[in-house]
Amino acid sequence: MTVALLIEYIIKSVLILAVMTAGFAYVTYYERKTLARMQSRIGPNRAGPWGIFQPVADGVKLIFKEELIPKDADKLLFLLAPVITVIPALIITAVVPWGREITLFGRQIHLYLADVNIAVLYLSAIASISVYGIVLAGWSSNNKYAMMGGLRSTAQMISYELTLGLSLVSVTLLAGSMSLVDIVETQGAHGFLGWIVWNLQQPLGFILFMIAGLAETNRAPFDLPEAEHELTAGYHTEYSGMKFAMFYMAEYIKIIAVSMIAATLFLGGYLGPFLDQLPWLGPIYLFIKTVIVIFLFIWIRATWPRFRYDRLMAFGWKVMLPLGFLNMLIAGIITVLRGG
Amino acid sequence: MFIIELLKGLWVVLRTMFEKPVTYQYPEVKRPVRPRFKGRHNLHRYDNGLEKCIGCSLCAAACPSDAIFVESAENTDEQRYSPGERYASTYEINMLRCIFCGYCEDACPTEAIVLGDNYELSFYERRQAIYTKEMLIMPVPPGGKPTPQKVEPGKFNRSIPVMENPAD
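Here the protein sequences come in this chain order: A and B.
The numbers in this note's numbering rise by one with no breaks, and the one at position 169 of the first sequence is 169.
The numbers in this note's numbering rise by one with no breaks, and the one at position 151 of the second sequence is 151.
Check before you lean on any hint, since a few could be wrong.
[As the list claims (entries may be wrong)] Not everything, but these chain A residues come out facing chain B in the computed CB check (under 8 Å): (1) Ser-40; (2) Arg-41; (3) Trp-299.
Just so you know, the hints here were simulated from the structure itself, not pulled from any lab data.
For each residue, glycine too, the CB sits at the ideal point set by N, CA and C.
Required output: the full structure, derived from the provided sequences and hints.
Rendered as structure tokens:
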């Protein structure tokens, strides 16, 4: 490994962290604006033109808030929990490719941090870690509402992770590879028509992935861990200031991550017209697709009411899981028939 | 089928997104108040500048939350504030206690206290919530003179004016 390669990796890593953190700030703005318009309001419009500095103002406010630690809290875990939650959210997109190759300063640069051959496994592994952060946050706060929120969250995330995993398995089966670069290239192998065929092979896949993704990110209608009127604020009841901001950050970064992964697995990732002539378009296509998927998240939040807890569990185990198996079966049959 | 209902819901939300927002940009654009809106009180004056309030304390008696405090003093023809014998030397309303019921307005025999349309009553300290006579009284109308006035004797003996039925 040459020094130049090392520098390239460092630059890419910093870029991912920066994009995800800045993305977090502007996803909150995007969500507030879109939600406001869906409710016939205007939304934040005071800080800067059209309120574009609203995330900055929110951040400054949170920094100056008092940091409270409950008297009987487990201090170490209480401080560690937000970190455990936010780190997986930040690093999960490391395997998501943003484009093909570009030439910069006479170097061939791949537009991805790592083309791991077990990328899909990496995704599900990292996604599971953030559950620890949430359950530890709930437990270490020494607060019954936080505890309940943490428990609910754990049960919910573990239940829906199965479905998430199954929809990932069917994608892997069809692409014949666990590398996200290969999955994207398989979708684009036969042009736009090939992409439509790709999604016709797994009609359930995208829907299952989106529903499981909503549950994984604790978004409405699956936002039970933080059901305000039942659990005050759920697992982050006792958190304030920057520690709360980190949970908030983790939640929104996970939305970006799930949207990016959905765009990569089902919507063709960085693929789009004129990509061969202009490889710079790759990240732009991925960005547009991610924004569309995030819009879907916000749209669903603005519309559907929250599930009841027992129904959430029943839905997860009795509907989502069998459908996930069915989807996997379809993918398997197609793969066998194709002779793959 | 509940899925159709769910999709209908999504469609309604998406349609709403392209409607005009109903927001009033508050500090710049204010919603007009209704004609009978009950906001901050005003102490009115006659056209010649004399105060309508005669310091009778009926408003304080009518007030259900005991927000009004009135102290009255004697009028003389040398120093005349209002028609009749007495005027309010102190008139205070505690805006933290006031519930804007308008009973003071109903009780007033001279239509001196009228609830206006100012609803922007906010303060940093509790003491600032007490609105004094200087804050509540209307400015002297054009052609009138400020109080106390020096008037010719025997002209302003009657403290209750002749009143008509309210138009509104």
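Quiz item: Holds or violated: Ser-40 of chain A as interface residue toward chain B, Cβ cutoff 8 Å?
Solution: holds (5 Å)
Quiz item: Minimum Cβ distance from Trp-299 of chain A to chain B below 8 Å?
Solution: holds (6 Å)
Quiz item: Was the hint right that Arg-41 of chain A lines chain B, CB cutoff 8 Å?
Solution: holds (5 Å)
The structure is consistent with each of the numbered hints, conforming to all of them.
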